[in-house]
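Position chain G against the provided structure of chain F, taking the given hints into account.
2 protein chains.
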Amino acid sequence: MTLHLVLAESALELVPDEIRNTPAVKSDARRRATDPSAILLDRSIHHSSMLRLNRGLKRGRPDLVHAAILSATGTPLFINGQLRVYVHTNQDLVLQIEAGTRIPKNYFRFRGLAEKLLVERPETGLVKVSHAGVVELVRKVIGPDKVIGMSTQGAPDDIGELSGELAASRRPCVLVGGFPHGHFDPAVLRLTDRLVRISPLPLEAHVVVARVVYEVEKATSRIND
Amino acid sequence: MTLHLVLAESALELVPDEIRNTPAVKSDARRRATDPSAILLDRSIHHSSMLRLNRGLKRGRPDLVHAAILSATGTPLFINGQLRVYVHTNQDLVLQIEAGTRIPKNYFRFRGLAEKLLVERPETGLVKVSHAGVVELVRKVIGPDKVIGMSTQGAPDDIGELSGELAASRRPCVLVGGFPHGHFDPAVLRLTDRLVRISPLPLEAHVVVARVVYEVEKATSRIND
Chain F
32 MTLHLVLAES ALELVPDEIR NTPAVKSDAR RRATDPSAIL LDRSIHHSSM LRLNRGLKRG
92 RPDLVHAAIL SATGTPLFIN GQLRVYVHTN QDLVLQIEAG TRIPKNYFRF RGLAEKLLVE
152 RPETGLVKVS HAGVVELVRK VIGPDKVIGM STQGAPDDIG ELSGELAASR RPCVLVGGFP
212 HGHFDPAVLR LTDRLVRISP LPLEAHVVVA RVVYEVEKAT SRIND
Chain G
32 MTLHLVLAES ALELVPDEIR NTPAVKSDAR RRATDPSAIL LDRSIHHSSM LRLNRGLKRG
92 RPDLVHAAIL SATGTPLFIN GQLRVYVHTN QDLVLQIEAG TRIPKNYFRF RGLAEKLLVE
152 RPETGLVKVS HAGVVELVRK VIGPDKVIGM STQGAPDDIG ELSGELAASR RPCVLVGGFP
212 HGHFDPAVLR LTDRLVRISP LPLEAHVVVA RVVYEVEKAT SRIND
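Chain order of the listed sequences is F and G.
Counting along the first sequence from 1, when you hit position 10 you're at 41 in the working numbering, and nothing is skipped either side.
Counting along the second sequence from 1, when you hit position 166 you're at 197 in the working numbering, and nothing is skipped either side.
If you are wondering where the hints come from, they were derived from the structure by calculation, not from laboratory data.
Since the structure is predicted, the reported quantities are computational estimates derived from the model, not experimental observations.
Check the hints yourself; a few may be wrong.
In this list, chains with the same sequence are indistinguishable; a pair is considered to hold if it fits within one copy or across any two.
[As the list claims (entries may be wrong)] With a cut-off of at most 25 Å between alpha-carbon atoms, the simulated BS3-like pairs for lysine-lysine come out as follows:
1) K57 with K136
2) K171 with K249
3) K89 with K249
4) K147 with K249
5) K89 with K57
6) K159 with K89
The shape of chain F in the complex, shown without the other chains (with noise of 0.2 Å):
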């Protein structure tokens, strides 16, 4: 089993076109010696600017997106090659993350990463950038046989029994919405076996990946046992 964990509609972009002339944004841009188009979106910095963006409260919290991956990447799981780690941005671009790699969790050096990535879209490399919206990426880069959405809207499940059956499958596909409010879009969901939430109350990204990486891991030990 390799579990393929999707980040969906993921909060992780640079400061797109039509806020570029902002003041919040060129007073950062020039603080940090760079351009308008090479800095991450953060609301945290950007906020009065992204009040004119479409769906703007989905957007610019590259802050969690770091955090749901560091959930991933610090696990055994990770670490011995069963999970591949998808981060699909609202740009419809795929960050696709070895097996195995080192994500900085310095934000500074995180932040340095995911600009260059965004930037650059290396093609090869530990970190590998292409441009594929939710859909085409599970259904025609992984290619699940299994694929499990989390979501507040989905039926209370419990984690342990799902991921025994993530486990059981060959190629286990999660979906992890990587955005501070709101659902996953339609075309997502349609994509879905099953729409599963975890907790009565609503988690942030990286408690969910958090939990369902760890199941996942104990019900693959238990089954090679």
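This is chain G only, laid out in the frame that chain F set:
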């Protein structure tokens, strides 16, 4: 049951006296238009200055402490008030986080909060700061009926079983190292009823925290069912 989680000997401190006049620290303080005494020690920025620090390898990793705090405070156990989080620093300060407090996921905001707390040391509020070693914190402030230390030096144990034991206690305490390398001080080791290793691989603090809290949360809900 209320679980008391201590991040022990955490790599979180203000730039210490002895390196406040080094070039890396001075230029960082100038860039941030603040005094060197009021900024967090950070290996990714102050690395060259830190070479002369005693036990430097265990210090200056606010990113790692931040990730571990978020792992704990994002959980239902914390949000529902059954988890208390204490960040004990390598300078013997204790940041006590009130149940349910939202800690910023954004690193800049976290850094600002941590700097303010370490400079002002408020005795009341959502995060209180006091002066105490781990031994004093555990014995006098927490007063637990069981103390478990998580360490690669511990005996291999299944967290599922361990958490049943913790959830059956009234006031269990778990110690996780808030540092990147090395082991607990001997005084900390002597506090523990048991030292436990939960994975054949060395795990980052945020992964250990996520797993322990999750298992205790599950065990508590089983007991209360």
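Do the hints match the structure? See the list:
{"no.": "1", "hint": "K57 with K136", "verdict": "between (27 Å within a copy, 24 Å between copies)"}
{"no.": "2", "hint": "K171 with K249", "verdict": "neither (28 Å within a copy, 37 Å between copies)"}
{"no.": "3", "hint": "K89 with K249", "verdict": "neither (32 Å within a copy, 31 Å between copies)"}
{"no.": "4", "hint": "K147 with K249", "verdict": "neither (35 Å within a copy, 41 Å between copies)"}
{"no.": "5", "hint": "K89 with K57", "verdict": "within (22 Å within a copy, 38 Å between copies)"}
{"no.": "6", "hint": "K159 with K89", "verdict": "within (24 Å within a copy, 33 Å between copies)"}
Going through the hint list in order, the structure does not satisfy hints 2, 3, 4.
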